[in-house]
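**Q** The residues making up each chain are set out below.
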Amino acid sequence: MKSLAARRRHPAAFALLLMLGLLITGGMYAAFAPTTTAQATAPAATAAEEVKAGEMLFLANCSTCHGINAVGTKEGPSLIGVGAASVDFQVGTGRMPLPQANVQAVRNTVQYTDEQIKQMAAYVASLGPGPAIPDAKYTDDLEGANVSRGGDIFRVNCSMCHNYAGSGGALTRGKFAPPLRSIEGKHLYEAMLTGPQSMPVFNDQNITPDEKRDVIAYMHELDKANNPGGNSLGSFGPVGDGYFLWLIGMPIMLGAAVWLGRKAA
Amino acid sequence: MNATGSHPGPDGHARPENPHVTGNEVSLDHGHVAGVEVADRFENPGLPPHKLRHADVDPKAAKRAEIQVASMFALSIVGTVGFLVAYFTIPMHKYVWIPWFGNLDLLHTLFGVFMGLSLLGIGLGAVHWAKTLMPDAEVVEERHPIASPQDSRQGVIDTLGRGAEQSQIGRRPLIKVAGGAALGIFALPMVVQLVGGLGPMGEAERELRNTFWRKGLRLMTDPEGRPIKAEDVTMGSVYHVLPEGIYDDPKQKPNEGQVFEHDQDLGVLERKAKAAVLLMRLPSAAFVSSKARDWGYQGIVAYSKICTHAGCPVGLYEQQTHHLLCPCHQSTFDVTNDCEVIFGPARRALPQLKITVDSQGYLIADDGFAEPVGPSFWTRKR
Numbered sequence: 001m002k003s004l005a006a007r008r009r010h011p012a013a014f015a016l017l018l019m020l021g022l023l024i025t026g027g028m029y030a031a032f033a034p035t036t037t038a039q040a041t042a043p044a045a046t047a048a049e050e051v052k053a054g055e056m057l058f059l060a061n062c063s064t065c066h067g068i069n070a071v072g073t074k075e076g077p078s079l080i081g082v083g084a085a086s087v088d089f090q091v092g093t094g095r096m097p098l099p100q101a102n103v104q105a106v107r108n109t110v111q112y113t114d115e116q117i118k119q120m121a122a123y124v125a126s127l128g129p130g131p132a133i134p135d136a137k138y139t140d141d142l143e144g145a146n147v148s149r150g151g152d153i154f155r156v157n158c159s160m161c162h163n164y165a166g167s168g169g170a171l172t173r174g175k176f177a178p179p180l181r182s183i184e185g186k187h188l189y190e191a192m193l194t195g196p197q198s199m200p201v202f203n204d205q206n207i208t209p210d211e212k213r214d215v216i217a218y219m220h221e222l223d224k225a226n227n228p229g230g231n232s233l234g235s236f237g238p239v240g241d242g243y244f245l246w247l248i249g250m251p252i253m254l255g256a257a258v259w260l261g262r263k264a265a
Numbered sequence: 001m002n003a004t005g006s007h008p009g010p011d012g013h014a015r016p017e018n019p020h021v022t023g024n025e026v027s028l029d030h031g032h033v034a035g036v037e038v039a040d041r042f043e044n045p046g047l048p049p050h051k052l053r054h055a056d057v058d059p060k061a062a063k064r065a066e067i068q069v070a071s072m073f074a075l076s077i078v079g080t081v082g083f084l085v086a087y088f089t090i091p092m093h094k095y096v097w098i099p100w101f102g103n104l105d106l107l108h109t110l111f112g113v114f115m116g117l118s119l120l121g122i123g124l125g126a127v128h129w130a131k132t133l134m135p136d137a138e139v140v141e142e143r144h145p146i147a148s149p150q151d152s153r154q155g156v157i158d159t160l161g162r163g164a165e166q167s168q169i170g171r172r173p174l175i176k177v178a179g180g181a182a183l184g185i186f187a188l189p190m191v192v193q194l195v196g197g198l199g200p201m202g203e204a205e206r207e208l209r210n211t212f213w214r215k216g217l218r219l220m221t222d223p224e225g226r227p228i229k230a231e232d233v234t235m236g237s238v239y240h241v242l243p244e245g246i247y248d249d250p251k252q253k254p255n256e257g258q259v260f261e262h263d264q265d266l267g268v269l270e271r272k273a274k275a276a277v278l279l280m281r282l283p284s285a286a287f288v289s290s291k292a293r294d295w296g297y298q299g300i301v302a303y304s305k306i307c308t309h310a311g312c313p314v315g316l317y318e319q320q321t322h323h324l325l326c327p328c329h330q331s332t333f334d335v336t337n338d339c340e341v342i343f344g345p346a347r348r349a350l351p352q353l354k355i356t357v358d359s360q361g362y363l364i365a366d367d368g369f370a371e372p373v374g375p376s377f378w379t380r381k382r
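Just so you know, the protein sequences line up as chains W and S, in that order. Be aware that the first sequence starts at 1, since it is given in this note's numbering, and climbs by one per residue. Be aware that the second sequence starts at 1, since it is given in this note's numbering, and climbs by one per residue.
Everything labelled a hint here was simulated from the structure, so no lab data went into it. Predicted model only: the values in this text are computed from it and were never measured. Among the hints, a few may not be true.
[Unchecked claim] Residues on chain S that point at chain W, a partial pick, calculated with CB under 10 Å:
| hint | residue |
| --- | --- |
| 1 | ARG53 |
| 2 | GLU231 |
| 3 | GLN319 |
Even for Gly, the Cβ is constructed at its ideal location relative to N, Cα and C.
Model the full assembly from the supplied sequences, consistent with the hints where possible.
**A** Take a look at the structure:
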């Protein structure tokens, strides 16, 4: 204890104490803060009950922007006819609820349980006919999918915005096509089906469910891809590679040249 | 310059004696030595005084430098040996996960690291050796006069004169004129190609002005090749479209008496490079121009996917703003207003393909493109 007291004026003591204080405060908050996710309702709810529960959730969480009857306001679009797939995509990827108005809703932490998302989707689907949540046989069971056909379809229909390797890319005025790495098959399918935000719609006549399944299988194959040639630099193509050369490769070369030219003291 | 040919610097620090210096060479400093002739030039500072390095004065430092150089060479040896060991022991296609790099091929990674060490060790060792232990005194090596002796130069002139005399060029004007003319115009073939282009002009123009599209061809999805029903193009949809039959018989040759309309004799990729089309459906009210509505079908419009700037595929359609963006140079086209350019280097709107439906409800082309698709070419005005 005496040695500790002797070191109380050590320059590191302040930083150490500060870290300790922050750690304790943060830990206490995590332990005592009320959990935000509500308890899931009992399973085996009937369809009508599900819609009812979804309506409750909608009124409590979404109606500020989308209106009391989901007909839309100045802040948010009407949800009539957008279908369960839209809700499942937007809420299931954390894009909704939108934390703040911006050029584009971005992927975020998911705020609701699967059960709650299902209820909200059921409520929105009850408002008007729209694309339903896709069958798991197209999104999860990818055994025997034609990966090469999926690649062909991806390169023609998707890669101009989402990049040849699914790394995403820029659109106009701050909008962008998000990267498609490690995305659940269900959400890939729903995005194609509903065309969220700037993305156009690729309905089941344009790209059939079987073809969508192939695209999903191709995307999962990309996720598994190895980097035999080293760091891919994000697979952004020549711009990313150019930045690497200008900002890292050339300074190293210049540094070496300066070192070679200097006299040893 | 003093008698021995060495130049005393301003501080009296004499350059080292150079055995090659005789005092008769062209002087590098042109006499611009302190206090002589041209006084309005700045003084020649001479070489800076030579500073001794640690290793020059301190045997301990020299020993340390020696060990450093040796250990760099040793590092290189480790790299070489490591490379050989990896070559013989690591199986191919074995992947390991390395933070920040992802899944790397172990063999290739070790090859790279060890070969890097091997080469870098030699390089660093050599440079460090040169910088710490090898002599670092600067030496000026004087340049000898470049001109040949006067009699050699006169000899060349005499030889040339004699040659001209013996070739009889002065006495035979016919050869002089014909030879001069031949030398004067031999560059014309090069100039003609440069000015006139290298392509077959008439034919190239036919290929550049037309595409595979013609009246009555169905619009097919790319890459699966299904015909498209107008009712299937829902609001906000984008279809990537190729003309019906574009994959048929590539490199067809016309039979006796047969005349192809367009492009049948081209390869599939050449056909696709011009005929790719983007099909979109917008709310009819969104269109500013009536041509878009007239040439489309119920708000379904088809535009060439080939950018009018550099020919990249313009595929980035923003459903909400109805803007089409070219990924190469960010040219932006407004679909609601005849695909006019609203941003970027393109200067012409994307050509629209006039479409309608056939008796079975499938979308067909009502005509080929009314204007050439893609970038400008040599006989195109804009």
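**Q** Are the hints correct? Go through all of them and say.
**A** A quick look at each hint next to the structure:
Checking ARG53/S against chain W by beta carbon gives a least distance of about 6 Å; that is within 10 Å, so the hint holds. Satisfaction of the interface hint for GLU231/S is found here, the shortest Cβ-Cβ separation to chain W being roughly 9 Å, below the 10 Å cut-off. With a cut of 10 Å, the hint placing GLN319/S at the interface with chain W holds, because the nearest CB-to-CB distance is about 5 Å.
Of the numbered hints stated above, none is contradicted by the structure.
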